[in-house]
Amino acid sequence: AQKITQTQPGMFVQEKEAVTLDCTYDTSDQSYGLFWYKQPSSGEMIFLIYQGSYDEQNATEGRYSLNFQKARKSANLVISASQLGDSAMYFCAMRGPVYNQGGKLIFGQGTELSVKP
Amino acid sequence: KAGVTQTPRYLIKTRGQQVTLSCSPISGHRSVSWYQQTPGQGLQFLFEYFSETQRNKGNFPGRFSGRQFSNSRSEMNVSTLELGDSALYLCASRVGLAGALSPRETQYFGPGTRLLVL
Numbered sequence: 001a002q003k004i005t006q007t008q009p010g011m012f013v014q015e016k017e018a019v020t021l022d023c024t025y026d027t028s029d030q031s032y033g034l035f036w037y038k039q040p041s042s043g044e045m046i047f048l049i050y051q052g053s054y055d056e057q058n059a060t061e062g063r064y065s066l067n068f069q070k071a072r073k074s075a076n077l078v079i080s081a082s083q084l085g086d087s088a089m090y091f092c093a094m095r096g097p098v099y100n101q102g103g104k105l106i107f108g109q110g111t112e113l114s115v116k117p
Numbered sequence: 001k002a003g004v005t006q007t008p009r010y011l012i013k014t015r016g017q018q019v020t021l022s023c024s025p026i027s028g029h030r031s032v033s034w035y036q037q038t039p040g041q042g043l044q045f046l047f048e049y050f051s052e053t054q055r056n057k058g059n060f061p062g063r064f065s066g067r068q069f070s071n072s073r074s075e076m077n078v079s080t081l082e083l084g085d086s087a088l089y090l091c092a093s094r095v096g097l098a099g100a101l102s103p104r105e106t107q108y109f110g111p112g113t114r115l116l117v118l
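Those sequence lines, one after another, are chains G and W.
With this note's numbering, letter number 86 in the first sequence gets 86, and the count goes up by one each step, no holes.
With this note's numbering, letter number 10 in the second sequence gets 10, and the count goes up by one each step, no holes.
Note that these hints are calculated values from the structure, not bench results.
Computed from a predicted structure; not experimentally measured.
Treat the hints with caution; some may be incorrect.
[Unchecked claim] Computed from the model, here is a short list of chain W residues facing chain G with C-beta under 7 Å: (1) Ser31; (2) Phe45; (3) Leu88; (4) Gln107.
Even glycine gets a Cβ: it sits at the ideal position worked out from N, Cα and C.
Generate coordinates for the entire structure from the input sequences, incorporating the hints supplied.
So, in structure tokens, the structure goes:
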């Protein structure tokens with residue numbers, strides 16, 4: 001069975017500093033994808049970044065980067081130069097091969113990030 | 001391109017009633033998934049529809065059902081509402097490439113419907 005673990009229920013970071021949100025996963029699939037989503041208080045889930053299990057390089061999207069360590073089964077999100085608007089819940093999610101699992105995403109419990117001015 | 005839209009955004013019902021939530025995917029997306037989010041259980045997968053067929057189902061009772069129309073719009077229905085059904089219901093769409101092996105397809109979420117059962 002697939003499982004995502006986010007061990008940090010809440011975190012604080014000073015504006016303009018970098019922050020790392022932890023995510024570890026468990027799966028027996030060889031092909032899988034890891035996603036990070038941001039959920040502001042409004043409720044909408046906003047896609048941030050994707051990492052495939054066969055991708056050799058860590059994914060980056062603007063201020064977001066994913067520190068992917070396959071052997072350790074971790075996929076930590078790094079946000080550089082934090083902004084006040086980054087305050088939100090952050091979810092790590094995983095999906096196995098689409099052909100046998102469809103689009104089903106398994107989510108972690110989330111990390112609430114607060115950016116202080 | 002317009003994002004995923006969900007209606008209504010807020011809903012208050014009483015126990016025993018039924019409710020229907022609607023989701024319009026991003027234009028060109030053929031797959032729609034539904035998730036339930038509660039403080040206690042977190043985000044849980046309900047079901048996924050592709051080309052009007054349910055392709056995958058989560059561990060929810062039969063009171064939860066859904067359907068997809070030929071234009072890819074989807075509805076989910078909850079009958080005989082219970083207090084524990086109070087949640088944020090999120091809809092997500094993806095392109096739905098036939099026979100895709102890559103899990104790369106990103107799901108894009110709508111703003112959700114907040115359901116309160118009294």
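Do the hints match the structure? See the list:
A distance limit of 7 Å between C-beta atoms decides the matter here; for W:Ser31 the minimum to chain G is near 6 Å, and the interface restraint holds. Interface restraint check for W:Phe45: the shortest CB-CB distance to chain G comes to about 5 Å, inside 7 Å, so the restraint holds. A distance limit of 7 Å between C-beta atoms decides the matter here; for W:Leu88 the minimum to chain G is near 6 Å, and the interface restraint holds. A cut of 7 Å between beta carbons decides the hint on W:Gln107: the least distance to chain G is about 6 Å, and the hint holds.
No hint from the list above goes unmet by this structure.
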